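Put the two chains together into one complex, using the hints given.
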Amino acid sequence: MVIMNYSNNMKLETKTIGNIFADNPKITSRNVNVFYHDKQAINNVSLDVGSKEIISLIGPSGCGKSTFLRCFNRMNDTIDGCKVEGNIVLDDQDIYHPSVDVVPLRAKIGMVFQKPNPFPKSIYDNVAYGPKIHGLASTKDELDSIVELSLKNAGLWNEVKDRLQSPGTGLSGGQQQRLCIARAIAVSPEIILMDEPCSALDPIATAKIEELIHQLGKNYSIVIVTHSMQQAARVSQRTAYFHLGELIEVGLTKQIFTTPQDKQTEAYISGRIG
Amino acid sequence: MSNNNKNYTLMDAKKAEEIVRSNVKKRKRKDIVLKSIGQFAIFVALSFLVFLFASIFAKGIPGFFQHYVTLEVNLDQKRLDPKGDLSADSLYSGDARKLVLEALYKEINPKGRKQKKAAKKILSSNAEIRVAQMVLENPSLLGKTIPITFALDDDIDSFLRGYIKRDTPERDRRINDTVIKFVNVLVEKNLVDYKFSDYILSGSASRSPEIAGVKGALIGSILTLFVCFILSFPIGVATAIYLEGFAPKNRITEIIEININNLAAVPSVVFGILGLAIFIGVFGMPRSIPLVGGMVLGIMTLPTIIISSRAAISAVPPSILDAAYGVGASKLQTMFHHVIPLAIPGMLTGTIIGMARALGETAPLLMIGMVAFIVDIPNSIQEPATVLPVQIFMWADFAERMFVNKTSSATIILLVFLILMNGIAIFLRNKLERRW
Ligand SMILES: Nc1ncnc2c1ncn2[C@@H]1O[C@H](COP(=O)(O)OP(=O)(O)OP(=O)(O)O)[C@@H](O)[C@H]1O
Ligand SMILES: [Mg+2]
Numbered sequence: 001m002v003i004m005n006y007s008n009n010m011k012l013e014t015k016t017i018g019n020i021f022a023d024n025p026k027i028t029s030r031n032v033n034v035f036y037h038d039k040q041a042i043n044n045v046s047l048d049v050g051s052k053e054i055i056s057l058i059g060p061s062g063c064g065k066s067t068f069l070r071c072f073n074r075m076n077d078t079i080d081g082c083k084v085e086g087n088i089v090l091d092d093q094d095i096y097h098p099s100v101d102v103v104p105l106r107a108k109i110g111m112v113f114q115k116p117n118p119f120p121k122s123i124y125d126n127v128a129y130g131p132k133i134h135g136l137a138s139t140k141d142e143l144d145s146i147v148e149l150s151l152k153n154a155g156l157w158n159e160v161k162d163r164l165q166s167p168g169t170g171l172s173g174g175q176q177q178r179l180c181i182a183r184a185i186a187v188s189p190e191i192i193l194m195d196e197p198c199s200a201l202d203p204i205a206t207a208k209i210e211e212l213i214h215q216l217g218k219n220y221s222i223v224i225v226t227h228s229m230q231q232a233a234r235v236s237q238r239t240a241y242f243h244l245g246e247l248i249e250v251g252l253t254k255q256i257f258t259t260p261q262d263k264q265t266e267a268y269i270s271g272r273i274g
Numbered sequence: 275m276s277n278n279n280k281n282y283t284l285m286d287a288k289k290a291e292e293i294v295r296s297n298v299k300k301r302k303r304k305d306i307v308l309k310s311i312g313q314f315a316i317f318v319a320l321s322f323l324v325f326l327f328a329s330i331f332a333k334g335i336p337g338f339f340q341h342y343v344t345l346e347v348n349l350d351q352k353r354l355d356p357k358g359d360l361s362a363d364s365l366y367s368g369d370a371r372k373l374v375l376e377a378l379y380k381e382i383n384p385k386g387r388k389q390k391k392a393a394k395k396i397l398s399s400n401a402e403i404r405v406a407q408m409v410l411e412n413p414s415l416l417g418k419t420i421p422i423t424f425a426l427d428d429d430i431d432s433f434l435r436g437y438i439k440r441d442t443p444e445r446d447r448r449i450n451d452t453v454i455k456f457v458n459v460l461v462e463k464n465l466v467d468y469k470f471s472d473y474i475l476s477g478s479a480s481r482s483p484e485i486a487g488v489k490g491a492l493i494g495s496i497l498t499l500f501v502c503f504i505l506s507f508p509i510g511v512a513t514a515i516y517l518e519g520f521a522p523k524n525r526i527t528e529i530i531e532i533n534i535n536n537l538a539a540v541p542s543v544v545f546g547i548l549g550l551a552i553f554i555g556v557f558g559m560p561r562s563i564p565l566v567g568g569m570v571l572g573i574m575t576l577p578t579i580i581i582s583s584r585a586a587i588s589a590v591p592p593s594i595l596d597a598a599y600g601v602g603a604s605k606l607q608t609m610f611h612h613v614i615p616l617a618i619p620g621m622l623t624g625t626i627i628g629m630a631r632a633l634g635e636t637a638p639l640l641m642i643g644m645v646a647f648i649v650d651i652p653n654s655i656q657e658p659a660t661v662l663p664v665q666i667f668m669w670a671d672f673a674e675r676m677f678v679n680k681t682s683s684a685t686i687i688l689l690v691f692l693i694l695m696n697g698i699a700i701f702l703r704n705k706l707e708r709r710w
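Just so you know, the protein sequences line up as chains L and F, in that order.
Just so you know, the numbering used here puts 57 at position 57 of the first sequence, and the rest follows in order with no gaps.
Just so you know, the numbering used here puts 642 at position 368 of the second sequence, and the rest follows in order with no gaps.
The set of hints was computed from the structure by calculation and includes no laboratory data.
What you are looking at is a predicted structure, and each value in this text was computed from that prediction instead of being measured.
We put the beta carbon where it would ideally sit given N, CA and C, even for glycine.
Don't take each hint at face value.
Covered stretches of chain L (in silico footprint by chain F; criterion: 3 or more residues with CB under 8 Å from a CB of chain F, positions within the stretch not fixed) [unchecked claim]:
hint, region
1, 118-124
2, 128-134
Not the full set, but computed from the structure, chain L residues with beta-carbon under 10 Å of chain F [unchecked claim]:
hint, residue
3, D80
4, K83
5, G86
6, P98
7, V102
8, L105
9, R106
10, F113
11, V187
Rough simulated footprint, nothing fancy, chain L against chain F, three-plus residues with beta-carbon under 8 Å [to be verified]:
hint, region
12, 445-458
13, 589-595
Only chain F is shown next, with the shape it has when bound in the complex (with noise of 0.2 Å):
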């Protein structure tokens, strides 16, 4: 060693700076480089979301509103209520559309059966139902001339917010000349309004989007949503417990568990065909129905709910499993005093992921027939629905031009949705997370 010093002698220091010096200018190009890099993936990545949340926003907001027509209707107890009896029977059999049209005539004054039938168009289908309803729950009204707020037409709609423009040729517009004077009558007059839709939040499907609302897709996705986690929550954690807690590690355990590793990744869609082959085509469930959508939602679910439960528990640490069985804690006592309340938040954060993915799901339910047009709310877990996200895809598929701004209402209303349940379940799982 001694003899070799000679010819290696350490470099000068001020030389060693230099080098050091133009080394560090092209390392920090490099960081630079590498910084610009991920800062500009990053910013693509927004892009892309301040894009999406932009248009669904600029869409979605215009559909929770909707303009109206206030007109003096008189309420004449004859001819709306003919048995007399008051019963929703009589009422809806009477003669609410006349009354309504007679009140708009009225403020427009048509001419002639040309005239009157553009004048039909005007008020939505749903007029006479409003009438007969609002008398049904407060029959004092009857025989009284009162103002009501009733919707307009999709298409007048469409022409009032810009949609259709006056000066398209006529024949290529859905409305013609005679329908928009008279609209214009109507705004003249001051009798049209734009304000919060009646019907988004509280109607059902309906072809007619001035009436259609979310509220039955919304009530079915719940009760979906509720049958899934009724299934899958226990089944998944108590699955979880055993095989981290009790299974003896075999050839048994180990296929199992690489089945559940498998079951995660298969596309959903299977899961809907299982449900169809099983729960309606062995079992003979109904077709539509929440029970089969959530079961086949909650077989779904379960590997996700499985895993990261499995990963809390044995996230746990060893010290604890051995002051447990040290005190002379059973298997059981352990697991149920010690190892899950560690554990819980862990699980219920996989129980959000699964559920978040279970409520923006559309393909499993199709295949069990969610997408039939349901206008009635479910009122049980047996009765035919439809969900959120199915709802949005077939308002998707509708051509009238106001169902573009419905469907990017229905997608506020499922992130809305997402986002109360994961704050629930966030909020939950703090408060269950011992913080020593």
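This is chain L alone, in the form it adopts within the complex (with noise of 0.2 Å):
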């Protein structure tokens, strides 16, 4: 057991090997639970996250990376029988909250999928769509700025600036993919989670989507589900492992890499675990 000191004198309970604080955090989370009906997914998880960060998650299949990351915009409360316990604070505002409204917090917070998922409209409406219900552009001329920007921003726009009317499930999967973080942007986020939006890609496009996190990460601050080590290496500042459950480590990603502290983390690294 380990014992902490949080910044306000608060004592924390944490197994967690490393530091998980942020010097800047935009997102703390405290001894989060998350049951699925009676069966505990995620157990006593402390972290933060920084501003203008990129965190990987890392892990094995079924340790609760996913679920960990959609505590985050609480899309966990889409699903029956999902029970979140603890205490997770964006800006001061705790997002689980009674009185906190779902809405706003996911227009704060973008989530980009594992699998793209473009609406089956067109490429104009999929990024137009976010803006449009969160009333953020008054005429269609700031709404046309609005979509083309994020395209832009998304790496998107040379290759579709031409065909914007045309179905969004007509581009390439690594064009839908960066289509929907097109679509997470344009609401204008502060953080952008991601859920292995790599594995449905091939290597040319998967480069591409990570040369996009990184020029992301100047603006927002990012939490990356990967369950490619070089890519947590080449992406993220730091990364956090996690193991049935549990928080095992988390650190500088070199760090992490390169000198783990604990036995697990060195064995999933170093490809035993997996």
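Put into structure tokens, the structure is as follows:
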């Protein structure tokens, strides 16, 4: 049992090895437990996400990475029988407080999924949908420029600018994933959650997305779940290793991959678990 | 393992091939047997269908035609319009019948009371109404002598079609020798035509087959289905949306679900009893009106629409829901912007099936009195009406020979109506279906 000093002198109980704190935290999660019906999927996890930081979550399949990620924008609310305990604070606001509305929360925290899932609508409508429902654009011109900028930031503009009205589902897998990223950034979020965003893509498309993540990291906090350790090493500043619902170790990516403190982490990194 | 290898050597390739060959024959035989059984089943089913359609069309097509006679009628002003004001009242009380009969007598020259009585049987009872109507629509015809085409009485029609034979003894025939003689005179004078019936599509219910038509029933069906659709489609779709998207998963919703599924299997006549007890009994609505009929059929159609709409909604890929929730769409927005547009084709399919069933339904409508003999063509959902299948049911019950054909004709009209309705729905569905 490790007792850590909280910033304001509160004590935090955690078994996690390494520094769970971020210098300039955007999200702070404390003692998070997640249950699917009676089965516990996340066990007492505490972790900070710094602002404009890219943090990757790694670990063997079924260890709870997706579950933990989905706590941040309350996507677990949409799953029957899923219960989240603990404390997750975004910019001084407890996001699980009963008075919190998930709509503005999810506008603030964008999400990109494992399988590209564009709406069965035009490319333009895919990107414009979020700004439209949140009322971010008051004129058509404004909306146009949001769409253009989002697509540019997602590195897709040059490929689709001549066919904005054609269906988003007609793009290649990698293009679809970048469209989904454009859709997420169109509502000007502060944080982007990515759940294995490249696992359905070929190496070239993956490289493009990684480059994009790198660019986006300058303006957004990004939490990325990945199965590729090389990817975690390439894109993230910090890495958190999960095992069987527990956060085993967290630290600077370089340090986790070169000198892991925990035996399990080392075994996973060196390819013995997974 | 290596020790056992001595005992179990693999079979010689040639021998194996032989065995496989001999088995292949057996397997092929089984395939062929199964295939022939399937083909035979399809053949039986198809022959039933062909037989059904052949018999309906063989009887029904002639039902769309009938025999007419053309007579030179003197439209005498004084006798047709006794009050002289050209009003319907005056024209219908005029002497049209005598004028028509005079025109007929001129052609066949009946002698004496007996022959005249026989001659009167030749024309449809509708003849004088036809004259009065013609004049009502076009008063400038008054005073002229013009050729007018009249429907022949259904017995004469049957005779001309050969359903009544000359060689049957006179007292077993519905028409006597004198009448036959007169008809033959008309035929010889080339005054009789066999042509497309004026009445089958535009006529209303009647005991006389030669002027009976399906217009009243057709409009009754349209009005009834309209009420049924207006009631069942929105309620059904809204129920499905609520149950799929918003309802908490608990005991109550479970019970509702089971009941909806059971309701789909309830015999239709039960809904008729329900309509009789509630709409007519409790609310005191009138019998025989499309409003009540449509409400009964609407309740009957609800489960079908709910079940298929729910299936359509739950078939929408969850990744789309994730995407919508992910950008911050509310539940309602997710439903209306993403789920329903994708589910509408499936919802329409269920509606087509439900409405097609409602169109062909008789039993519940009999319960609420839509079987009444209604001559007037309904103008609104609050006027007594009957519907096509009930009309078919009633005609099938009438004794006159020509109603046999009319029954099949009405069946053809019902089928065409059904195909038309489904065609529109399928067209709509394909239009709404997104192809990406
Ligand atoms: N909807 C659900 N209902 C019940 N149990 C679930 C559900 N989703 C996940 N779980 C369980 O929760 C645990 C964590 O699942 P999670 O999807 O978070 O794993 P993961 O680390 O993302 O795995 P992977 O790398 O394969 O995506 C697993 O044991 C899983 O079986
Ligand atoms: Mg996962």
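Tell me the numbers of any earlier hints that the structure contravenes, in ascending order.
4, 5, 6, 12
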